[in-house]
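*Asks:* Dock chain S against the given chain W, drawing on the hints supplied.
Protein chains: 2
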Amino acid sequence: MRAAIIHGPQDVRVEDVPDPAMLRPSDAVVRVEASCVCGSDLWRYRGIRPVAHPVRMGHEFVGVVEEVGAEVTRVSPGDFVIAPFAFSCGECVHCRNGVQTSCVRGGGWAGTDADGLPVDGGQGERVRVPLADGTLVAVPGAPGDALLPGLLALSDVMGTGHHAAVRGGVREGSVVAVVGDGAVGLCAILAARRLGAARVVAFSSHAPRQELARRFGADDVIAARGDEGVAALGELLGAEGADVVIEAVGTQGAMEQAVAAARPGGNVGYVGVPNGITALPVKQMFNRNVSLLGGVAPVRAYIDELLPEVLAGTLDPGPVFDLTLPLADVARAYEAMDRREAIKVMLRG
Amino acid sequence: MRAAIIHGPQDVRVEDVPDPAMLRPSDAVVRVEASCVCGSDLWRYRGIRPVAHPVRMGHEFVGVVEEVGAEVTRVSPGDFVIAPFAFSCGECVHCRNGVQTSCVRGGGWAGTDADGLPVDGGQGERVRVPLADGTLVAVPGAPGDALLPGLLALSDVMGTGHHAAVRGGVREGSVVAVVGDGAVGLCAILAARRLGAARVVAFSSHAPRQELARRFGADDVIAARGDEGVAALGELLGAEGADVVIEAVGTQGAMEQAVAAARPGGNVGYVGVPNGITALPVKQMFNRNVSLLGGVAPVRAYIDELLPEVLAGTLDPGPVFDLTLPLADVARAYEAMDRREAIKVMLRG
Numbered sequence: 001m002r003a004a005i006i007h008g009p010q011d012v013r014v015e016d017v018p019d020p021a022m023l024r025p026s027d028a029v030v031r032v033e034a035s036c037v038c039g040s041d042l043w044r045y046r047g048i049r050p051v052a053h054p055v056r057m058g059h060e061f062v063g064v065v066e067e068v069g070a071e072v073t074r075v076s077p078g079d080f081v082i083a084p085f086a087f088s089c090g091e092c093v094h095c096r097n098g099v100q101t102s103c104v105r106g107g108g109w110a111g112t113d114a115d116g117l118p119v120d121g122g123q124g125e126r127v128r129v130p131l132a133d134g135t136l137v138a139v140p141g142a143p144g145d146a147l148l149p150g151l152l153a154l155s156d157v158m159g160t161g162h163h164a165a166v167r168g169g170v171r172e173g174s175v176v177a178v179v180g181d182g183a184v185g186l187c188a189i190l191a192a193r194r195l196g197a198a199r200v201v202a203f204s205s206h207a208p209r210q211e212l213a214r215r216f217g218a219d220d221v222i223a224a225r226g227d228e229g230v231a232a233l234g235e236l237l238g239a240e241g242a243d244v245v246i247e248a249v250g251t252q253g254a255m256e257q258a259v260a261a262a263r264p265g266g267n268v269g270y271v272g273v274p275n276g277i278t279a280l281p282v283k284q285m286f287n288r289n290v291s292l293l294g295g296v297a298p299v300r301a302y303i304d305e306l307l308p309e310v311l312a313g314t315l316d317p318g319p320v321f322d323l324t325l326p327l328a329d330v331a332r333a334y335e336a337m338d339r340r341e342a343i344k345v346m347l348r349g
Numbered sequence: 001m002r003a004a005i006i007h008g009p010q011d012v013r014v015e016d017v018p019d020p021a022m023l024r025p026s027d028a029v030v031r032v033e034a035s036c037v038c039g040s041d042l043w044r045y046r047g048i049r050p051v052a053h054p055v056r057m058g059h060e061f062v063g064v065v066e067e068v069g070a071e072v073t074r075v076s077p078g079d080f081v082i083a084p085f086a087f088s089c090g091e092c093v094h095c096r097n098g099v100q101t102s103c104v105r106g107g108g109w110a111g112t113d114a115d116g117l118p119v120d121g122g123q124g125e126r127v128r129v130p131l132a133d134g135t136l137v138a139v140p141g142a143p144g145d146a147l148l149p150g151l152l153a154l155s156d157v158m159g160t161g162h163h164a165a166v167r168g169g170v171r172e173g174s175v176v177a178v179v180g181d182g183a184v185g186l187c188a189i190l191a192a193r194r195l196g197a198a199r200v201v202a203f204s205s206h207a208p209r210q211e212l213a214r215r216f217g218a219d220d221v222i223a224a225r226g227d228e229g230v231a232a233l234g235e236l237l238g239a240e241g242a243d244v245v246i247e248a249v250g251t252q253g254a255m256e257q258a259v260a261a262a263r264p265g266g267n268v269g270y271v272g273v274p275n276g277i278t279a280l281p282v283k284q285m286f287n288r289n290v291s292l293l294g295g296v297a298p299v300r301a302y303i304d305e306l307l308p309e310v311l312a313g314t315l316d317p318g319p320v321f322d323l324t325l326p327l328a329d330v331a332r333a334y335e336a337m338d339r340r341e342a343i344k345v346m347l348r349g
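First to last, the sequence lines map onto chains W and S.
The first sequence begins at 1 in UniProt numbering and counts up by one.
The second sequence begins at 1 in UniProt numbering and counts up by one.
The following block holds chain W by itself, in its conformation from the complex (with noise of 0.2 Å):
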């Protein structure tokens, strides 16, 4: 089959790979529909994180069952899935406390599982899915291509948005800010309105993504960034501030700029992957009671929560896929998203 693979900064292939098989009979195997490239893909592709040796990519990808294994109950072959961003058993205690992005038994795409077994990437035609049963989740029906979007999301971003949104406190009557405009932000004002938000402040100076920002719910765009993006909110919203800030970006600037915006007893939930975080402000967090919640979102815990939404189409965070391209042009789509030419980029086997 064909999968993306990364040799350095700036070079993804698609190249020829051995089909998976099953290993387990805990496994599945998934006819990838739909993948999509992640924030986070980015850093190997822009040097960040080093490449030591050609690995696969993609984490994010919806798809039908092609084979399950004889432990496998909750999905049978045909069945159109959605793939968390992490596999998980379901079972342990972790799993149980809807943290599944701890399972002891869980991993990651494009890497090894507990066993060390090679796991494949999203960015493909196919994926060997461990503990399937506790992983993925089937959508009912056969979605049609104009739901494939708002699905896809729910494999990660619409996820983690939703993630730093609950984690934060959003509840009915709060005031809202979101750092950070990329998709998991963008998800985030979405999650903040669905959690019964009266207002959402996003921060972006970015045209395309302000327009979303605004679809998405937001009230207010605010452009500066950092102590000027702090003062611009303050103007805003006056002493009563934000409640709750959203941190989607991971940099100490961003997670700065997230804790002088937040009120005092407000909270910051932060889903942005740290990078580069030097030392979080813990003196005026103290002084000013403000919290700070979240973490790397076990977006399987909510699949079964936002799907029917989605199906309904009540919830679209479809959106902030504004391009899509074959996974064949996988290279064009890395770059896209690294010249922020595209929010998101749907990769279509």
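Only some residues are given here: those of chain S computed to face chain W with a beta carbon under 10 Å:
(1) V93
(2) G98
(3) S102
(4) A239
(5) R263
(6) G265
(7) Y270
(8) V271
(9) P274
(10) I277
(11) G295
(12) V296
(13) P298
Don't read these hints as lab results, they were simulated from the structure.
C-beta atoms are modelled at their ideal positions from N, C-alpha and C, and glycine is treated no differently.
*Replies:* Here is chain S on its own, set in the frame of chain W:
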């Protein structure tokens, strides 16, 4: 009148100072019945925080109102009152949000108020109380000496331990670990029990504190600290781990221990004043979804709720005071705290 003044490391004296006068119509003057020494007072005593010039000390006290200004309506001369460790207006948005420590007009004892006027310290015979209506809580009746320690604990340590437990999310059935065996950590045990914790594990290597930890409701006490302490907690709790870890120290080591001791998806409720924390372990927090909640406790927010239980005897943080001395012996009080000969020292006029 007489009041405690620190002149430098290991040099606290009781000296003659001017009697407090009413400076604003929102002021009250309180005759101190009991005050105490705080762990944070020891920073100056130990030379960790420099003493540039002699300063008043003490931020925890209870006493009797002697005089009130024309605008004061909620307390009257003769009332026995509890003063939280910060004064606050009770009316601004932050006070209404229950974050009185961020009051726009508030401040701390033994310093200056928002107008730059001097504010007395609690370790003295009398205190001018700014914003008396927002700050003081009157105790019904005339509490006897037996109630003094419990009421005095409401001025700081009980409310602070409670804040850690509340913000940490302790609820019915929670498994809680407490890092820090000072008065705040011990009170956090009481608070966790009161909020329904199913199991409380205290870290302490000091026999009298271990004993009080058990008396306050700890099921287990672990003497080891750091990685060893975390490993011992793991042995005790198994894979489930601690839902909430309370951090009541404020050092880098204690914070690292607290984060490592929390289960994936768990919370650290922290109230230890950050002291030399260079970097929170953000990657570990992110990967394990351990959230950090808390900050300087707005104890004023909790007195109304906790006071009836202290008066009824169903909540008794009083035993954290294991030594009582006259104000005249304040030097000995600091010494006893510094040498860990006492958990917390109560001072009587």
